[in-house]
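Take the given structure of chain Y and dock chain G to it, following the hints.
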Amino acid sequence: MAATPLVEVGAVFAAAAIGGAVAIRVGQSVIPFYVLAGVLVGPDVLGQVGAPHVAPGDVVTVLAELGIVFLLFFLGLEFSIDRLLASRDRITAAGTIDLLINFPVGVVVGLALGWSVVEALFLGGVVYISSSAVITKSLIDLGWIANDESEPILGTLVFEDLVIAVYLTVMSAAVLGGGDSSAVAVDLAVAGGFLLALFAVARYGTGIVQHLVDGETQELQLLRAVALTVLVGGIALEIGVSEAVAAFFVGMGVGSTEHSDDVEHLLMPVRDLFAAVFFFWIGLETDLAAMAATAGLVAVLVVLTTPTKLVSGYLGGRRYGLDGRRSFRVGAGMVTRGEFSLVIATLAAGGATPVLRGTIPSLAVGYVLVMSVLGTTLMTYSDDIWERLSGA
Amino acid sequence: MAVYESELPGVGKKYEIDLDDGSQLVVVIHNTGKRELFIRPEPDADSEKLFELSDKLARQVGTIMEGAYFQPIKTDTIETVLSEESLIEWVKVPAQSPVAGRTLEDAGVRVKTGASVIAIQRDGETITNPTPDTTLRPDDTLVAVGSRAEHDELESFVAGE
Chain Y
1 MAATPLVEVG AVFAAAAIGG AVAIRVGQSV IPFYVLAGVL VGPDVLGQVG APHVAPGDVV
61 TVLAELGIVF LLFFLGLEFS IDRLLASRDR ITAAGTIDLL INFPVGVVVG LALGWSVVEA
121 LFLGGVVYIS SSAVITKSLI DLGWIANDES EPILGTLVFE DLVIAVYLTV MSAAVLGGGD
181 SSAVAVDLAV AGGFLLALFA VARYGTGIVQ HLVDGETQEL QLLRAVALTV LVGGIALEIG
241 VSEAVAAFFV GMGVGSTEHS DDVEHLLMPV RDLFAAVFFF WIGLETDLAA MAATAGLVAV
301 LVVLTTPTKL VSGYLGGRRY GLDGRRSFRV GAGMVTRGEF SLVIATLAAG GATPVLRGTI
361 PSLAVGYVLV MSVLGTTLMT YSDDIWERLS GA
Chain G
1 MAVYESELPG VGKKYEIDLD DGSQLVVVIH NTGKRELFIR PEPDADSEKL FELSDKLARQ
61 VGTIMEGAYF QPIKTDTIET VLSEESLIEW VKVPAQSPVA GRTLEDAGVR VKTGASVIAI
121 QRDGETITNP TPDTTLRPDD TLVAVGSRAE HDELESFVAG E
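Sequence lines, in order, name chains Y and G.
Residue numbering for the first sequence follows the numbering used here, starting at 1 and increasing by one per position.
Residue numbering for the second sequence follows the numbering used here, starting at 1 and increasing by one per position.
Here chain Y stands alone, though its shape is the one from the complex (with noise of 0.2 Å):
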């Protein structure tokens, strides 16, 4: 479309924000309908049909950055080291048995499918990472919130959000490091250097991001805290790390200043505007033939997946010492995947190979789509999908 970039960027957000209203409407959660109007606005749909549309190009896919950023950024912002200790036990126990059973199924599909081990791990973390987004929402709408199962839920959601810090930086690593050996070293090294010095600052420089976003106003504190975290992610992007595990450490570092709060609340409206285009890109972004071509692994991923996690939710509840419903509960609690999962299939798309470049993108939009629905669909429905479980 040719038209100014304020028109296509009202566009963007008007067409999400349809989506989210759909969403609403039919009592479903906002990501995947944002990832679908991507899809109808974009090229393959509207743009088929030869109508006005929104073209992928470099003001949305800025745009959408700025999401996976904040994204991240919150990620890191909640994130406490002390909560999981608060208790390990458990959280670690309910996590630990989330992780041993759902990773490796994808990674043994992707092994069985014929792919390189990066491939398959990327597989792997698509498929083990539920959303916290959908299912803490699904949780405060439901009022599970007020009974037991949010307790492993949202328990066993810090447990992945530790899992997903650090994967992220080793898989980062994988790809971005692309090229010939000695080059990759200096990389890898330039890398890891600028991850280690980034993680020194957050976790012992706490008086000097507290003396970087302490703005004398609300104003100049939010311009203070979105300045300090997209330049952070673009010299990362920059000298080829992952700008999202950047964003987590900044976010690791704010969160541990007392302006904490502050932060969180003033940024609040920002990544949710951002993410929503994220998840509008990630559609624009999808080749709708690729995706129907891997609409067949999709279906194998959902009918493998959706159990391992009823399965590994439903131990996890039983560490907790509920009862057979409730950690039924738990499980259908954790069956949702979204934005990590997108967020990982975007690092993997900047990979070499056919797998990591189209194959894993247009098979996790799929999945991430028919999982929200289902996740969300599940949670619903759990009680009454218990007592046929359990009553047969």
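Read the hints as simulated data drawn from the structure, not as lab findings.
Subject to a maximum C-alpha distance of 27 Å in a straight line, what follows is the list of computed DSS-like cross-link-like pairs (lysine-lysine): (1) Y:Lys137 - G:Lys13; (2) G:Lys56 - G:Lys34; (3) G:Lys34 - G:Lys49; (4) G:Lys13 - G:Lys56; (5) G:Lys49 - Y:Lys137; (6) G:Lys49 - G:Lys13; (7) G:Lys56 - Y:Lys137; (8) G:Lys112 - G:Lys92; (9) G:Lys13 - G:Lys34; (10) G:Lys34 - Y:Lys137.
Selected chain G positions facing chain Y (Cβ under 8 Å, derived; list incomplete): (11) Ser6; (12) Glu7; (13) Leu8; (14) Pro9; (15) Gly10; (16) Val11; (17) Lys14; (18) Val26; (19) Val28; (20) Glu36; (21) Asp44; (22) Asp46; (23) Ser47; (24) Lys49.
Note that the structure is predicted; figures quoted are calculated from it, not measured.
Note that beta-carbon positions come from the ideal geometry of N, C-alpha and C, so glycine has one too.
Here is chain G on its own, set in the frame of chain Y:
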């Protein structure tokens, strides 16, 4: 009464309060400030949502619940905590109290106990901001601000101990 507190990572905190009839009141305080109230008829029942309040409204309702505006029962066990160091307590003036018939200044209530009388409840009426020459009468209820130690002093002083 038992109150259980638990963390809800990414959401806020949850408080479960045992009620006398065996049910539980569940209060979820969101990080956004929103409060949600649930009732759980039995310990293993599902929580039924009662209502939700914004941060501001919850504080107002909380103050009413606490009895800052109206205290129906006047015993010496009622107290309203303002901060760690100061609370409001209600003290009844007994018939044979040494302070009965004397003014606040005469009796030296604040000088001797440290607690300040901020109101006097008498015959269903409340005298706010009593002056030093307000005379205390038997059966008055003194509403005083002070630390816990000062309240203890005040109580024994008014009782004539």
